[in-house]
Amino acid sequence: MNFWIYLLIIESIPIGLFVFGGLYEANSTKFNQNKFGYTNQYSVKDKLAWEYANKVAAKIFGSIGTLLFIVNTILLFMFGEGVLTFILLFSLFMVIFSKIMIDKLIKKKFHNKS
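Under my numbering, the first residue of the sequence shown is numbered 1184, with each subsequent residue one higher.
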């Protein structure tokens, strides 16, 4: 019984990434109409930057979410409940890594268009 609770806890991060990716994809064309979207200093400047930022965030969060969902499940089935802390730290690292990756991609594309 504890195994399924651990699996549910571990898979909440990838599922959250799926949800955020879907929301960013759905809101990518609503520049001034919606306050929800992937925002940073470059994405709020114009409609093109907003659409690009949300599309990139949706794709990266969806990809990282898929990867984490599969890897977390395999690790938990292979090694059991003893790797719970490692899996949670790995998931946290991947979320931070994806945020940094998205910010760098947006900055690279729109840094000179100030």
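Source of the hints: derived by calculation from the structure; they are not laboratory data. It cannot be assumed that every hint is accurate.
[Unchecked claim] Below, simulated PhoX-like cross-link-like pairs (lysine-lysine); rule was C-alpha separation at most 20 Å, straight line:
hint: 1; residue 1: 1291; residue 2: 1230
hint: 2; residue 1: 1282; residue 2: 1292
hint: 3; residue 1: 1213; residue 2: 1242
hint: 4; residue 1: 1230; residue 2: 1213
hint: 5; residue 1: 1228; residue 2: 1290
hint: 6; residue 1: 1282; residue 2: 1242
hint: 7; residue 1: 1287; residue 2: 1228
hint: 8; residue 1: 1228; residue 2: 1238
hint: 9; residue 1: 1238; residue 2: 1292
hint: 10; residue 1: 1228; residue 2: 1292
hint: 11; residue 1: 1290; residue 2: 1238
hint: 12; residue 1: 1290; residue 2: 1230
hint: 13; residue 1: 1292; residue 2: 1230
hint: 14; residue 1: 1287; residue 2: 1230
hint: 15; residue 1: 1213; residue 2: 1228
hint: 16; residue 1: 1242; residue 2: 1292
hint: 17; residue 1: 1291; residue 2: 1228
hint: 18; residue 1: 1213; residue 2: 1238
hint: 19; residue 1: 1291; residue 2: 1238
hint: 20; residue 1: 1291; residue 2: 1242
hint: 21; residue 1: 1287; residue 2: 1242
hint: 22; residue 1: 1282; residue 2: 1238
hint: 23; residue 1: 1242; residue 2: 1230
hint: 24; residue 1: 1242; residue 2: 1290
hint: 25; residue 1: 1287; residue 2: 1238
[Unchecked claim] Pairwise CB distance ranges (calculated):
hint: 26; residue 1: 1288; residue 2: 1186; range: 33 to 39 Å
hint: 27; residue 1: 1253; residue 2: 1291; range: 25 to 31 Å
hint: 28; residue 1: 1249; residue 2: 1227; range: 25 to 31 Å
hint: 29; residue 1: 1231; residue 2: 1261; range: 40 to 46 Å
hint: 30; residue 1: 1238; residue 2: 1262; range: 33 to 39 Å
Here a beta-carbon is modelled for each residue, glycine too, at the ideal position from N, C-alpha and C.
Hint by hint, which ones does this structure get wrong, listed from lowest number up?
As far as the earlier hints go, not one is violated by this structure.
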